[in-house]
Every structure is written in structure tokens, then in C-alpha cells.
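K.L.:
Sequence:
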Amino acid sequence: SSVMTASSEDMAPPWERTHSPPTCVLGRSYKTQDMIEDMETRGFLEVGFARVPPAGETSAHPERDEVVVFCEFFFAGLRFPLDPLVVEIFKLFDIYMHQMMPTSFLQLNLYMWLRKTCKLKPTATGFVHL
Numbered sequence: 001s002s003v004m005t006a007s008s009e010d011m012a013p014p015w016e017r018t019h020s021p022p023t024c025v026l027g028r029s030y031k032t033q034d035m036i037e038d039m040e041t042r043g044f045l046e047v048g049f050a051r052v053p054p055a056g057e058t059s060a061h062p063e064r065d066e067v068v069v070f071c072e073f074f075f076a077g078l079r080f081p082l083d084p085l086v087v088e089i090f091k092l093f094d095i096y097m098h099q100m101m102p103t104s105f106l107q108l109n110l111y112m113w114l115r116k117t118c119k120l121k122p123t124a125t126g127f128v129h130l
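In the numbering used here, the protein residues as written are 1 to 130.
FYI, nobody ran anything at the bench for these hints, they're computed from the structure. Mixed in with the good hints, there may be bad ones.
Claimed, not checked - Each computed DSSO-like pair below joins lysine-lysine, with the alpha-carbon atoms no more than 27 Å apart:
#: 1; residue 1: 121; residue 2: 91
#: 2; residue 1: 116; residue 2: 91
#: 3; residue 1: 119; residue 2: 91
Throw the hints in and build the complete structure from the sequences for me.
P.N.:
Have a look at this one:
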């Protein structure tokens, strides 16, 4: 379970809020190094691409070259390293990895399969049109 801080304004209905609730407080992670190694063995990650957060940390503090990733994303098709096109799509929409939903990766996988099968030149705008 995740722990989120909430102000009284955050408890208001969405249409009455003046800002979004914080997304950096994620709660304690229950992932272990053994789980990371299992994901490496399954081919979800290249060896050494992931780390578990420090014990007791509940807020996201990624380094400059890191992103916060939820384990469920890998079961939906996310793989590291990312295809450069995926990075381009994220930049086009000005979104970050932790803002994604598992179903988003299903859509990205469909586009990647389609463009490879049909030998199309991959573009972020092509993804938008699909």
C-alpha cells in the first residue's frame, strides 16, 4: 500500500482543487534485491539497471539518470533499456514514467509491434495517430 500526504484542499472534489496532490510520496517499497534479480533473470531488466530504494524511504528521490518504476509495468510489457522512440513519446506528451498506467504500456507495445511488422518509420506523432 502507498502512503500519501493529503491537505484539506486535497480532500475536496477534483473540480474544486487548485492543484494536484503530490506524487512523490509513494509509501514504503516492499521490493528486495532478490526480486530485482528475478526480474533480471526473466528478461524484464538488463542486469544492473535497477535498484531497490533505501530501507524506510517513502518518497521518490531518483538520481539524475533514474526513474521511478512500478513492478506492474513490467508485467504489462515495459522493458529496460527503453527504445528511444518510447522516450520521444514521453517527451512529446511531457509525462514521466511514474505517471503511466500499466495499460499505457500495452498501447505502446501495440504500436511498436505494428511499426516493426509493417516496417514503418517510428515517430511519436505516428503513435498519437494510432
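K.L.:
Does residue 121 pair with residue 91 here, judged by a C-alpha cut-off of 27 Å?
P.N.:
Within the cut-off at roughly 18 Å; holds.
K.L.:
Compare the distance between the alpha carbons of residue 119 and residue 91 with 27 Å, and conclude whether the hinted pair is satisfied.
P.N.:
Since the Cα atoms of residue 119 and residue 91 sit roughly 23 Å apart, the hinted pair holds (cutoff 27 Å).
K.L.:
Between residue 116 and residue 91, does the CA-CA distance stay at or below 27 Å?
P.N.:
Measuring from Cα to Cα gives roughly 21 Å; hence the hint holds.
When each numbered hint is compared with the structure, no violation occurs for any of them.
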